[in-house]
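Visitor: Which chain is which? The protein sequence lines are P and G, in order. Every letter in the first sequence is one number past the one before it in my numbering, and letter 150, counting from 1, is 150. Every letter in the second sequence is one number past the one before it in my numbering, and letter 144, counting from 1, is 453.
Rather than coming from a laboratory, the hints here were simulated on the basis of the structure. Treat the hints with care, since some could be wrong.
[Stated by the list, open to error] Cβ-Cβ distance ranges computed for the label pairs, FRET-style: (1) F469/G - N135/P: 35 to 45 Å; (2) D551/G - I215/P: 33 to 43 Å; (3) I527/G - N110/P: 27 to 37 Å; (4) F469/G - W244/P: 30 to 40 Å; (5) V491/G - I215/P: 52 to 62 Å; (6) V491/G - T219/P: 25 to 35 Å; (7) P452/G - T131/P: 48 to 58 Å; (8) P452/G - G185/P: 34 to 44 Å; (9) E179/P - S481/G: 53 to 63 Å.
[Claimed, not checked] SDA-like, lysine to any residue: derived pairs with alpha carbons at most 25 Å apart: (10) K211/P - K563/G; (11) K200/P - G540/G; (12) K524/G - W244/P; (13) K528/G - K207/P; (14) K576/G - A375/G; (15) K211/P - F263/P; (16) K207/P - P562/G; (17) K516/G - M538/G; (18) K542/G - M249/P; (19) K516/G - P274/P; (20) K221/P - K524/G; (21) K528/G - E102/P; (22) K455/G - A201/P; (23) K455/G - D153/P; (24) K577/G - D346/G; (25) K200/P - Y488/G; (26) K563/G - D136/P.
[Unchecked claim] Footprint (simulated), chain G over chain P, 3 or more residues, beta carbon under 8 Å: (27) 151–165; (28) 172–179; (29) 220–227.
Just so we're clear, the structure is a prediction, and the values are computed from it rather than from any experiment. C-beta: ideal position from N, C-alpha, C; glycine also.
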Amino acid sequence: MMPRFTVLSLLLCTAMFAAETSDVYRGRMVRTEEISRQSNPFLRGQFLGYLDGKLAFQIVMFDRAEIFRRAIYEKLIVTRDPSNPDDPGFRSVVPGQFIQGEPERTEEVNELAPAANRAFRYHAGEGPETTARTNDTGVLLDADEAVLLQLEDLRQASVQIVFSNQSDGACHVELTRAEFNNKMGISYEYQKKSYPKNLKAAAEWDKQIYKPGEIATLTLKLSNRGENGDVVRLLGRSLSRWNWLDGKMFYLGDLAPQERATFSRRFIIPDDAPAGIHYLRIGFNDISGTKPQLPLTLQIAYTGNKQSH
Amino acid sequence: MLSFQRVVSHVLILIFALVVPTSTAQDPLFVDGAAEDIAESRRELRTLIRNVYREKSLDAQYQLYASAADSLDELGPLLSADDAAAIRRHLYAAFQRLQLPNEVRNSHGMRFRRVVQGADVQYLSGALTEGMYVAYLNDRAIPPEKLNKHLPQPTHDISFEGVFSSPTPRLSLRGLTYYGVVGYHGWMDKTSAYHLPSADLLQRLEKVTCWASDKYEIKDHRRSDAVNMFGGKFRTIVTTGDVAGELPEATHPKLTTHYVTSVAHAKKLYLQELAEVTE
Numbered sequence: 001m002m003p004r005f006t007v008l009s010l011l012l013c014t015a016m017f018a019a020e021t022s023d024v025y026r027g028r029m030v031r032t033e034e035i036s037r038q039s040n041p042f043l044r045g046q047f048l049g050y051l052d053g054k055l056a057f058q059i060v061m062f063d064r065a066e067i068f069r070r071a072i073y074e075k076l077i078v079t080r081d082p083s084n085p086d087d088p089g090f091r092s093v094v095p096g097q098f099i100q101g102e103p104e105r106t107e108e109v110n111e112l113a114p115a116a117n118r119a120f121r122y123h124a125g126e127g128p129e130t131t132a133r134t135n136d137t138g139v140l141l142d143a144d145e146a147v148l149l150q151l152e153d154l155r156q157a158s159v160q161i162v163f164s165n166q167s168d169g170a171c172h173v174e175l176t177r178a179e180f181n182n183k184m185g186i187s188y189e190y191q192k193k194s195y196p197k198n199l200k201a202a203a204e205w206d207k208q209i210y211k212p213g214e215i216a217t218l219t220l221k222l223s224n225r226g227e228n229g230d231v232v233r234l235l236g237r238s239l240s241r242w243n244w245l246d247g248k249m250f251y252l253g254d255l256a257p258q259e260r261a262t263f264s265r266r267f268i269i270p271d272d273a274p275a276g277i278h279y280l281r282i283g284f285n286d287i288s289g290t291k292p293q294l295p296l297t298l299q300i301a302y303t304g305n306k307q308s309h
Numbered sequence: 310m311l312s313f314q315r316v317v318s319h320v321l322i323l324i325f326a327l328v329v330p331t332s333t334a335q336d337p338l339f340v341d342g343a344a345e346d347i348a349e350s351r352r353e354l355r356t357l358i359r360n361v362y363r364e365k366s367l368d369a370q371y372q373l374y375a376s377a378a379d380s381l382d383e384l385g386p387l388l389s390a391d392d393a394a395a396i397r398r399h400l401y402a403a404f405q406r407l408q409l410p411n412e413v414r415n416s417h418g419m420r421f422r423r424v425v426q427g428a429d430v431q432y433l434s435g436a437l438t439e440g441m442y443v444a445y446l447n448d449r450a451i452p453p454e455k456l457n458k459h460l461p462q463p464t465h466d467i468s469f470e471g472v473f474s475s476p477t478p479r480l481s482l483r484g485l486t487y488y489g490v491v492g493y494h495g496w497m498d499k500t501s502a503y504h505l506p507s508a509d510l511l512q513r514l515e516k517v518t519c520w521a522s523d524k525y526e527i528k529d530h531r532r533s534d535a536v537n538m539f540g541g542k543f544r545t546i547v548t549t550g551d552v553a554g555e556l557p558e559a560t561h562p563k564l565t566t567h568y569v570t571s572v573a574h575a576k577k578l579y580l581q582e583l584a585e586v587t588e
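Chain G on its own, in the form it takes in the complex (with noise of 0.2 Å):
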């Protein structure tokens, strides 16, 4: 039979062997050097990421959030797997709660400005001007005589001696093909960031014209049928607030052409112009 006595130390036995390790686990006893250094660096990139939050100007708080993100590319090879996804998981969070700015602009100097539909938060381009065509064509190096279908018909100030040149590179491009539209884009979104606004959108914003991104249905099936049997796909343009199908090769003089991104890649492109600035 056993006593009281001995009772009493199995459970404090007990109790030492459950809590010992735990507590070893959490709070080392024995660290060297870099290991102290990296514990440290993670309170401080949590404390940073933090900041983030608190921070109220909309510069300095994606600034700390840049410092953030580099200091966990820095540290996140010396952290274990749960710890580094823990951390970005933050991170994320972090990114998320930035402040949305007002206007941002991509690397081919296209400026996008943010706007609110309903619940919807978009960022859209303004229009694409004959500057940026001329980049994309004398980048892509299309021959003239194979031009007709992507460049705006039938007056178009831009000329070919050699390379492609606009004399007012700063107007916006007008009338520019559906077939236009694809290939800058396709040449522009390496990464499927940008979109043509859609008809909705398009509708809202007063006087403009322009492909917008929905399918067209002809809603008459018997017009639907023909228009497939005969190999026909029309697009939809809205020119000033009216939504149609329209063939693609057709070119209007009012058509400029926009794109929209989403809010994430924004805060991208916002961090992207704020690298730029403090390099």
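Just chain P, with the same shape it has in the complex (with noise of 0.2 Å):
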């Protein structure tokens, strides 16, 4: 007798949800879970300026990490009666039990650190490669005067500078005309009067005799000696008749009265230069129009070739 009613009650039950129909949804989304993180360092270089008589630039070290990252939600059961299209039907929340989302690609951009200490390799435009160090804040200085290079053309528009080591990669650094002079304090946006001749002007040699194949630092100082309103806006460029003494710019920007500025350039000496003194001048172009003319004679004696010119 037993036995028998089991068996129906089990009939009965089973036909009772034989009735209904349960569906699994997402419920509430819990919680994120990181599945994968690629990390992706790189450079980042920008112009600060001129600092200690070269041209300055501050690399940082950057990481774009690559992130996979899916939801976690609750795992739902809606059981609803087929037969009623109005039934809501019974949610209930399925406890221990989660569903997946699906994995999702996101980007993190971090500074990390200045690439401190460095040694970088690095090029302006199509000039030649030259090599660096920077120093504890990541700033590397333009000791070889390699950007100043590829700007003596006032024609160029813009360099590009590429710094590099095996490390850790290489960064490009897009260095325009106005945002070279923005940081070099030479502004076009508004006149100024100019008054030449408060101008004082002095150059200094860091030798006084060279031999072929050295390096000559000129070091120009400018100050400017005027009262009220006399402010000078000032561009020099060494002139020549020798072609590695010819054409260096000076940049010395805005000089209000009383001010005083200094910029240094390095001439490299061709190892057949011949022996003697050789001529050039500062010429000097106020960018408002006039020309302050300000020449300099500075000359070079070197020793070690024989042949006079």
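Join these two chains into a complex; the hints should help.
Guide: Structure follows, in structure tokens:
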């Protein structure tokens, strides 16, 4: 008797359940789960301006992380009577069970640290490759004037500089003439009157006598001894018969009354340069249009080659 | 109706009327003594000018020319304008035909020698001496503190103790800047008779370093623009055959200063020399 009743009960239950349907749905998002993270370190450089008599760039290490994440949802079961379309159903969260969402890719760029105390190869435009080392704050000084060399031609609107080393990769810096002028304190936005008669100039070589193949550094010191309102805005350029002495720009910029400015340039003396005295002049051009003529005669004497000119 | 005789007489009268006035103008029938002298002098002057052509000796030719020129100066006011102009043309033609002296000297003691460059003949001076330059400095009374851009650098023998002096006045002055060359030239040459030699001429002369008269043009347009923008100017210098643009304040140890003058001026200088000798 008992077994028969049990079997009937089971059949009834089965018939009752067979009359309803259950579907599984995503419930509330519980959390997100990081599936994978791929690190892509890279370098970013920027032009800082004129520091310690040289053009300065700061190189900073960044990381562009490629991250795959997915959301985790509650598992929700909804039981409905299929014969009744208006049945909202019975919802129940299955405890301990979850549904995984689709993986999603995201990128994050994070500044890591300055690329401190690292050696970099770099070249500007089509110029030759040179090397320099960053300091503790990731600042690299263009001691070889590779960037200035590319800007000697005043029609050059911008220069592309590529810094690289084997461990950190490469970074490209596009330095436009406008940005360069801005950082060097040369502004074209407003006009100023110039009084070149108040401008005093002095030039100083780092040595008395040079030999062929050496590098001569010329430091130009200008002071505006004018009174109120006497502002000069100057670009200087070396003029000489000799190509290696000619065409070096001196970006002095605005010089307010009682202000001083200093700018240094390097001249690489060729191995076959003849011995003797060479002449050059620093011509000045006030960018507001006038030409204050303060030419300087700078003499270089060096030994080694007895050929005279 | 006119008879044959009357026609002949009219023709004769007409011929007489045409011929007589002409012959009167060429050879006046009635002249006083002064007019005879002038005519005689004019004939002599023409003969003198013809003799300039015929003379083979250089000095004699120049002396004849000088005599002719002096005669014309005296006679000129007495002649008609047309006559004077005609004789001047003859004299100028004779001047053109004067032989070329090999060497001439100007009033500053600068000697010029004849140099032939193709069809072009010029007179090139010897190197400017320290004595000549000192004379210029003393005449201009340039304060010593302003001499830096004129005097050769870094070594020179010219001293200043109230007046400039040089212990070696006959030696060639070396290393004069372009400013110095131009300064001396402006002082020496009041009639634009002298010029710096051309680079082409200097290149033909061996071992000469000198500022040249040619303008220096920078072939590279970018560099040329930049030089103009910054107020620069280069002058042509020839350094033992090598032509280059150099800043005007530059000095070179081997640089000497030379000038050139024309054939016409050289002839005038030779005439002056002869005049000085005969005086």
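Visitor: If a hint holds in the structure, say so; if it does not, say that too.
Guide: Cross-check of the supplied hints:
no.	hint	result
1	F469/G - N135/P: 35 to 45 Å	55 Å, violated
2	D551/G - I215/P: 33 to 43 Å	26 Å, violated
3	I527/G - N110/P: 27 to 37 Å	53 Å, violated
4	F469/G - W244/P: 30 to 40 Å	37 Å, holds
5	V491/G - I215/P: 52 to 62 Å	36 Å, violated
6	V491/G - T219/P: 25 to 35 Å	32 Å, holds
7	P452/G - T131/P: 48 to 58 Å	54 Å, holds
8	P452/G - G185/P: 34 to 44 Å	40 Å, holds
9	E179/P - S481/G: 53 to 63 Å	56 Å, holds
10	K211/P - K563/G	21 Å, holds
11	K200/P - G540/G	17 Å, holds
12	K524/G - W244/P	23 Å, holds
13	K528/G - K207/P	33 Å, violated
14	K576/G - A375/G	11 Å, holds
15	K211/P - F263/P	23 Å, holds
16	K207/P - P562/G	22 Å, holds
17	K516/G - M538/G	35 Å, violated
18	K542/G - M249/P	17 Å, holds
19	K516/G - P274/P	17 Å, holds
20	K221/P - K524/G	33 Å, violated
21	K528/G - E102/P	69 Å, violated
22	K455/G - A201/P	19 Å, holds
23	K455/G - D153/P	36 Å, violated
24	K577/G - D346/G	30 Å, violated
25	K200/P - Y488/G	23 Å, holds
26	K563/G - D136/P	54 Å, violated
27	151–165	holds (count 3)
28	172–179	violated (count 0)
29	220–227	violated (count 0)
In terms of the numbered hints stated before, the structure departs from hints 1, 2, 3, 5, 13, 17, 20, 21, 23, 24, 26, 28, 29, listed from lowest to highest.
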